[in-house]
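Visitor: Here are the chains, one letter per residue:
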Amino acid sequence: MSGTHRRAIGVETIGMTMRFGAFTALDDVSIKVPAGSFHALLGENGAGKSTLVKCMMGFYHPTSGDMLVDGHEVAIASPRDASALGLGMVYQHFTLVPSLTGAENLVISREKVPGIIDWRKERAALAAFMGRMPFKLPLDVKVAELAAGEKQKLEIVKQLYLGRNFLVLDEPTSVLTPGEAQDVLGLMRGMTKAGDLTVLMISHKFHEVTAFADDITVLRKGRLTGTGKVSDLSHKEMAAMMIGDQPIAALDSRAAPKPDAEIVLKVKALKAPDRTGLKSINIADLGVRSGEIVGIAGISGNGQKEFLEVLAGQRAHNTGEVWVRGMPYTATRAEARELNVRLIPEEPLKNACAPKMTVAENIAFRTFDVDGNGKPVSWISAGAIKSFSARLVQQFKVKTASLSSPIASLSGGNVQRAVLARELTGEVDLLIVSNPCFGLDFSAVAEIRARIMKARNAGAAVLLMSEDLDELLELSDRILVMSDGALVYETPIAEASVQTIGEHMAGHH
Amino acid sequence: MEATDIGLWGVPLAMLGGAIRVSTPFIFVSLGEAITERSGRINLGLEGTLVFGAMSAYAVAVMTGSPWLGLLAASVAGLCFGLFHGWICKFPKVNDIAIGIALMLFGTGLAFFFGKPFIQPSAPDLPAIPFGAWSDIPQVQAALNVNVLFLIGAALAVFLWWAFRNTRIGLIVRVVGDSADAALAMGLNPSTVRLLATGVGGALAGIGGAYLSLYYPGSWTERISSGQGLMAVALVIFARWNPLGCFAAALLFGGAGALGPALQSVGVTQGYYLFYAAPYILTLIIMIATSSPNRTLAGAPGELSITK
Chain A
1 MSGTHRRAIG VETIGMTMRF GAFTALDDVS IKVPAGSFHA LLGENGAGKS TLVKCMMGFY
61 HPTSGDMLVD GHEVAIASPR DASALGLGMV YQHFTLVPSL TGAENLVISR EKVPGIIDWR
121 KERAALAAFM GRMPFKLPLD VKVAELAAGE KQKLEIVKQL YLGRNFLVLD EPTSVLTPGE
181 AQDVLGLMRG MTKAGDLTVL MISHKFHEVT AFADDITVLR KGRLTGTGKV SDLSHKEMAA
241 MMIGDQPIAA LDSRAAPKPD AEIVLKVKAL KAPDRTGLKS INIADLGVRS GEIVGIAGIS
301 GNGQKEFLEV LAGQRAHNTG EVWVRGMPYT ATRAEARELN VRLIPEEPLK NACAPKMTVA
361 ENIAFRTFDV DGNGKPVSWI SAGAIKSFSA RLVQQFKVKT ASLSSPIASL SGGNVQRAVL
421 ARELTGEVDL LIVSNPCFGL DFSAVAEIRA RIMKARNAGA AVLLMSEDLD ELLELSDRIL
481 VMSDGALVYE TPIAEASVQT IGEHMAGHH
Chain B
1 MEATDIGLWG VPLAMLGGAI RVSTPFIFVS LGEAITERSG RINLGLEGTL VFGAMSAYAV
61 AVMTGSPWLG LLAASVAGLC FGLFHGWICK FPKVNDIAIG IALMLFGTGL AFFFGKPFIQ
121 PSAPDLPAIP FGAWSDIPQV QAALNVNVLF LIGAALAVFL WWAFRNTRIG LIVRVVGDSA
181 DAALAMGLNP STVRLLATGV GGALAGIGGA YLSLYYPGSW TERISSGQGL MAVALVIFAR
241 WNPLGCFAAA LLFGGAGALG PALQSVGVTQ GYYLFYAAPY ILTLIIMIAT SSPNRTLAGA
301 PGELSITK
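Taken in order, these protein sequences are the chains called A and B. Once you know that position 168 of the first sequence is 168 in our numbering, the rest is easy, because the numbers rise by one and skip nothing. Once you know that position 74 of the second sequence is 74 in our numbering, the rest is easy, because the numbers rise by one and skip nothing.
No lab work stands behind these hints: they were computed from the structure. Beta carbons are placed, not taken as given, at the ideal position from N, Cα and C, and that holds for glycine. Hints may be right or wrong, so weigh each one.
[Stated by the list, open to error] From chain A, some residues computed to sit far from chain B (all C-beta separations above 12 Å):
hint, residue
1, SER64
2, ASP66
3, SER99
4, PRO114
5, ALA269
6, ASN340
7, VAL377
8, GLN394
9, ALA458
[As the list claims (entries may be wrong)] Coverage of chain B stretches by chain A, computed from C-beta distances (three or more under 8 Å per stretch; other residues unrestricted):
hint, stretch
10, 160-169
11, 208-222
Excised from the complex, chain A in its bound form:
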C-alpha cells in the first residue's frame, strides 16, 4: 500500500517460448532486468514484445521457459499472482474505468477494499500519496473527462499507489506532451535510481530510451536480436537490431516551397461543439497552400479530433466556413470527388473502413460507382473492383491473405496501407491526415511518411494533425499548435523549437 516502504525487485526470464498453434510468437527469449534498473524493450510491431510481457505478467502461459523474481524461480499463473509478487503493468490502452473518478479508480483497484468506504480517510491518504508525486492530478473528476495525458499519468500513479516494485510500461508516452513525458519518465528514473522500483519500458522512441534507460533488449520476429548498455549503443545500431537488413523507405527530399501557391484549404471563423457539448472548437483562420504540409500539434482532447471530423463531414459546425479551391466545402461525396479532397483519419479501421467488408471493396470505396471517365455507372462490376484493388494492393504492398478477406483481419499497418492506397490514388489536391502512424511499426511508419511527402511534392496541400511531435517536425513546412479548441501558435519549420511548441501545447501562454 501507499504507506509501506518499497524495494525494487529484479526480474529474469529464461528461455521464454510461446507458441500459438504452429506460429512461434516468442522463441527462447532470456532477458535480465536487475533490481533498480530502467530497462527498455525495443522491437517492431509483431516482434513479440507484448507476448513477452504478457507471459511475464501471467496473461499468457508460456509454452516453455521460466521466470525468476529476485533470483528465485516463481510460477505466475495469472495476473493476480504477478501483482502478489509486486509486478504491475501500464497498458497502452487505458484500463481506468471512465465513469468513476480518479479517487474511486485508485481505491477500488486495491487488493483489500473495505465494505463501506470512508471517503474522508481515503481522501486524506490519497492527498498524502499525491504529495509525493512530481505532478498534480484532479482525482475528483470522472476519468472520462480527463485528457489523454492525464489518464496516462493516472495509470502510472495507480500502479505506484498499488505498491508495485516492478513496472512494465507499454509505450507510456505516446499520448503525452514532451514536457509531460519528461515528467513521467523522470519520476520513473528517479525511483529506479533510489532503488524503489524496477522499470521495463516498451518504446519506439530512441531519444527517450537514450535519455532514461540503462539497458536495452531488442526483439525481432520473436527472437532476441540484441542487448546492451544504452551508453554503448547509437540510435543507428539500435535500429539495425530492430529491423535487421530490410530496406527502409527514404523520405523524398522536400521540393522547394512556393509561398505564392494557390491556397487550397481555407477555414474562417469555424465554430463547432466538441464531443462533450460543453465547450466548442474555434478555428479563426487557417489556410493551407498547394505543395505544403501544415502540421497541427496538440495534446489529444484539445479539439483536433473535432476539427478533423468537421472537415471530414462527420460533425456539424455551428458557424464559419470551409472553402476548398475557392468553393464552399461541406464534405459531401460529390464535392470531395470534384475537388479531389482525400482523407486519412486516425484509427483507419474505425473511421475509414467498413471492417467486415473485403479488402477489395474497401479499396474501391471512392471509385466503385464511376467508370473510367468519372461518369456514374448503373451496374457495378465486381471484376473491375477486383482488378483495381489488386493493382493497388501490389503497388502499396498491402499484405493480405486474399482480396476477399475482411479488412478487419489485416494488421494495423496493412489497414493503413490499404487506406493510403485508396486515398492517394488519382489526383489529390487536398489531403487531410490525422495520426497516420499511431501504433505502426518502423518500416510502415517510414513508408507512410514517405508517401505523404510524395503527395506534397506532387502539389497536394496537406493538413497533418498529429500527437507525435517528431512526426510533425519531420514532415511539416509550418507547425500550428491547437490548444483548448483554438489555434494558438504558428511557426515555420525552420524556427520551430520543441520547447516553445510544448509550452503552447500545455497552454502556458
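Add chain B to chain A, keeping to what the hints say.
Guide: This is chain B only, laid out in the frame that chain A set:
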C-alpha cells in the same frame, strides 16, 4: 363519510396521492433495472417478472393469509427470473435484449397460467400508514394514506445512491458496467457480478409486482401491469441511471398518470381521457428535450449493449 367539496384543489391533491400510489411499482422496477444496467446488462424481462411477482404474491397471500409472505414469494420469484436471465446471458453470443423480450412473454404467460384460480378470491392488503389522519378532509386523508412499500422504496433509492459511491459492492458494480476489461484486470468476473445484479434487479421487480396485486389496484387480473415494467426500464434511461433520478421520475410518472382520474373526479367530463396519455406524452417531451445529436447519453454505463 361525506365527501367535502374542495373544488379545484382536488386536482393537485389527487395527483399527489396518485403519484405516491401509482409510482411505487415504478420505483422498485426502475431501481432494480438501475442496478442491472449499472452492471452493464439490460433486462427487458422485468415486465414479465413484475406480472409473475404480482401473481405469486397474490396467490401466496390468499393461501397463507399473510401479505408479507406474499411479498417474500414475489421477491423470490423475481430473483429466480433475474438469475435465469443472467445465467442465459453468461453464454457467449447471447443478446441480453432478445432474452429479455423472451422472458417478458414467458413471465406473463406463466403468470396467467398459474394465476387463473386466483382471479376470484381476495387477498389481504399490504398495510398503509395514514399520514393524513390530522385532517378532516377525506381527500387529504386518501392522498396521504401511504403504503409502507413506498417508504421502503424511497429509502432504498437514497441507499442505492449512497451505496454506488460509498461501498465496495457499489463501486464493483459500476466498474463491471463501465469496463469489463478493467474489471478483469482487477480480478473480478463480470459475468458473476452481472448475474447477481440481474438477480437483485429481478427480486426488486417482483416486489413491485406484489405491490400491484396486494395494494393498488389490489387484486390479481391479467391486465394488472399494462406495460409498467417496460416503462420503468425507459425510466432508468430517462433518470440517467441515477437511483434518486429513478425515484423522482417514478413520482413524476405517477403524478402524470393520476392527472386523468383526478380531472374526472372534479367533474371534468370531456377530454379528461386525453390526460390518461399524459405520462407517455411527458416521456416523449422529456426524451426529446434532453437528447442531443452530438453527444452520447451522459452517464450511460459503457458496457450496455445499446450504447456500445
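Visitor: State for each hint whether it applies.
Guide: Structure-based check of all given hints:
1. Every C-beta of chain B lies more than 12 Å from that of SER64(A), the closest at about 26 Å, which supports listing it as non-interface.
2. With a least beta-carbon separation of about 24 Å from chain B, ASP66(A) lies farther than 12 Å from that chain, consistent with its non-interface assignment.
3. For SER99(A), the shortest C-beta to C-beta distance to chain B comes to about 5 Å, within the 12 Å cut-off, and the non-interface label is violated.
4. With a least CB separation of 7 Å from chain B, PRO114(A) falls inside the 12 Å interface cut-off, contrary to its annotation.
5. No beta-carbon of chain B comes within 12 Å of the beta-carbon of ALA269(A); the shortest separation is about 19 Å.
6. With a least beta-carbon separation of about 29 Å from chain B, ASN340(A) lies farther than 12 Å from that chain, consistent with its non-interface assignment.
7. For VAL377(A), the condition that its CB be more than 12 Å from all CB atoms of chain B holds, with the nearest at approximately 34 Å.
8. Even its closest Cβ contact with chain B, about 37 Å, leaves GLN394(A) beyond 12 Å, as expected for a residue assigned away from the interface.
9. Its beta-carbon lying about 36 Å from the closest one in chain B, ALA458(A) satisfies the requirement of being farther than 12 Å from that chain.
10. Check result for the stretch 160-169 of chain B against chain A: holds, 5 residues qualifying (beta carbon to beta carbon below 8 Å, three or more required).
11. For a cut-off of 8 Å, the count of residues in the stretch 208-222 of chain B with a CB near a CB of chain A stands at 0, and the three-residue condition is violated.
Checked against the numbered hints above, the structure breaks hints 3, 4, 11 and satisfies the rest.
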